[in-house]
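Asker: Spelled out from the first residue to the last, the chains are:
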Amino acid sequence: MIPNSVAHFAEYELQIIALATMLVLYAIKSYQLTRLPMPWEKGPKKGKSLAGTIRSYTAIFMPWSMESSRKHFFRWFEFGAYHIGALIAILNTFTTPFVPTMMTPTVRLIFAILIMPAIAAGITKFTRRVSRTELRLISTPDDYFALVSVELFFILAVLALALNTPLWRTIYFFITAGFLFYVPFSKISHYIYFLFAGVITGSRYGWRGVRPQVRQVR
Amino acid sequence: MTVELAEKELEKKYNKLTGTAASNLCTHCGWCTDACHVYQATNDPETTPVAKAEKVRRVYKKHHDWMSKVFPFWSGAKKLTEQELDQWVEMAFLNCTLCERCVVNCPMGVETPQLIAAARSALTAAGKAPEILVQLADMAISREENAEIYRDLFLEQVKEIEKELQNHLGNPEASIPIDKEGARILYVPLSGAHTILPEAIIFNAAHESWTLSMFEASNYAYFLGDSDKAKRIAMRIINEATRLKVKEIVLTECGHAYTLMRWEVPKWLGGPLLFRVRNILEVLDEYTRDSRLTLDPSRNSEALTYHDSCNLGRKGGLIEEPRRVIRAVAQDFRDMIPHGLESLCCGGGAGLVAIAEWSDRRINAGKPKAEQIRHTGAKVVVTSCDNCRHQISDLNEHYKLGIKVTSLAELVVQAMVLPDVKKATLLPK
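If you read the protein sequences in the order shown, they are chains A and B.
Under the numbering used here, the residues of the first sequence are numbered 1 to 218, in order.
Under the numbering used here, the residues of the second sequence are numbered 219 to 647, in order.
The following block holds chain A by itself, in its conformation from the complex:
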């Protein structure tokens, strides 16, 4: 049904082109960011920058550490499920074409099971975005499109994993490639900035002894 050459192109060449494009664009973005002055603290330190940075990166794994996750635990759980799903779906784009021996039926099943909660999380996220006034107010076409495209990516990942036919794999890889081309231009690329923000915010709080809190000073 799908010519072998097309399926092969979608799984290999196209993926490599899409990934390379994304990486080049990310490299440009990162380079632009590193050219800007870093707002390092200059006053005598009270705490440790590194501890603050680590805390900043790991705060999300400690739902008890933020009021926003304590008060809205479901939202935190949804966040986790969504990002685990994203991680697995991305991993699958590498393992399926490049490490096919790893993709046994059991591994495919585990991957599919891990991505499925992310599909549900995507639906609840979308529902909240359209139903809550405060979220509708700030939402842009990019927000809706990003949600829908990631949702499509998840669904196709599960279908490709579960059915494992050339047709579904080809559809999945074509959509993945489109997704990879789009990501650097959308809010989905937030994680690039997160790497910088974790250092900026975390080191400031750490240096000042705010987070983690420095209790004793002489």
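I should point out that these hints are in silico values taken from the structure, not numbers from a laboratory.
If you're wondering where the values come from, they're calculated on a predicted model, not measured in any experiment.
You may find that some hints are simply not true.
Some chain B residues well away from chain A (every beta-carbon gap over 12 Å; in silico) [to be verified]: (1) 259; (2) 266; (3) 304; (4) 353; (5) 359; (6) 402; (7) 410; (8) 424; (9) 482; (10) 513; (11) 515; (12) 520.
Straight-line distance between alpha carbons at most 25 Å, and here's what the computed DMTMM-like set of lysine to aspartate or glutamate pairs gives [stated by the list, open to error]: (13) A/45 - B/508; (14) A/42 - B/458; (15) B/447 - B/362.
All C-beta atoms in this analysis are idealised placements derived from N, C-alpha and C, irrespective of residue type, glycine included.
With the hints as your guide, set chain B onto chain A.
Answerer: Just chain B now, kept in the frame of chain A:
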């Protein structure tokens, strides 16, 4: 022209990694929404941190985001207009106190206040900042320019306070030194006796080597985002400290003055100052730990709570210090929930208490704090920031909380056991 000035200022602020990360990092997830006391109080979706930041972010994106430059509608990017700037005034100066509560509740660490501060700078450059804040900043500069005239008035005022000090201590030798070269501490108060007398009592009782600054600690240019003026106002104190060859600058109980001098000024100057910078809270903590004061906690027997100023706590790192002092000088201390890093803003910060025409809305925004105070059952609220003190006093009156609002230094004086003096009190009746 106004828009051009604002855009130029925004561009300056954008050219910092913090602004860049803040403008591109947000995913509009909405986790920050109910972290904001203004949104909690008003339920107005325009007052969520993300909605406020989004106004600035969209202007930044128009100039800096790849997609937004070509397809602005896709990210909502837009050009800055005069009308847009007018809408920013309330957003930046009324609906955000730069408290950073949204930052600690954001899973990405988006520094929304950086964007709002950039908006403040742009509005100031465009001549649209609240007039009273501009006047207060200019007044501080004028005091420096007319130091000689101001000096005589100041000395007269201090003489009066000195008499009160001598009465309190029962010691006619007690003094408030000014211009004392080689003193260990340069103490920087606010204008008004309430930030001079309690500290003078404490320094005298602790036999401290100190001198009083001729200038006030507050820096309204900081609230305006006017870096040039803010630096100039801060430099008055630094120059005075240099001239007097002091070992450290101790700032009074004022949130922004501390954060500015301790953390921001070194960034402006490219390195640490020649002297140590501390807040009086840290000195009080040192005195109580080193037993330099004789204290009787039973003199503060009423239930009391502590309000963390956002500048001192979340932005400044002074969270445990005031609590250690309170435990040493009072019997019934009850922390608010939440407090410290997650403390709710009182609603009066970042210069808002000075803007009379917004007082009703300021008091409304303080409702979550009023409820929090009421919930503790405390009869005394201690706070170490004059803006917070002013706001909590207004909240007390409006929401009928039945509390007394005091500073930490006043609370310490209340607990001090002084020879020849039965009980000194500076607490409000």
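Asker: It remains to establish, for every hint, whether it holds in the given structure.
Answerer: Taking the hints in turn, this is what the structure says about them:
1. 259: holds (14 Å)
2. 266: violated (5 Å)
3. 304: With a cut-off of 12 Å, residue 304 of chain B remains clear of chain A, as the shortest Cβ separation is near 19 Å.
4. 353: About 30 Å separates residue 353 of chain B from the closest Cβ of chain A, which puts it past 12 Å; holds.
5. 359: It holds; residue 359 of chain B is separated from chain A by about 24 Å at its closest Cβ, greater than 12 Å.
6. 402: At about 17 Å from chain A, residue 402 of chain B clears the 12 Å cut-off, so the statement holds.
7. 410: holds (27 Å)
8. 424: Given a closest Cβ separation of 17 Å, the condition holds.
9. 482: violated (8 Å)
10. 513: About 20 Å separates residue 513 of chain B from the closest Cβ of chain A, which puts it past 12 Å; holds.
11. 515: holds (21 Å)
12. 520: About 26 Å separates residue 520 of chain B from the closest Cβ of chain A, which puts it past 12 Å; holds.
13. A/45 - B/508: holds (23 Å)
14. A/42 - B/458: With Cα atoms ~21 Å apart, residue 42 of chain A and residue 458 of chain B stay inside 25 Å; holds.
15. B/447 - B/362: Distance of about 12 Å is within 25 Å: holds.
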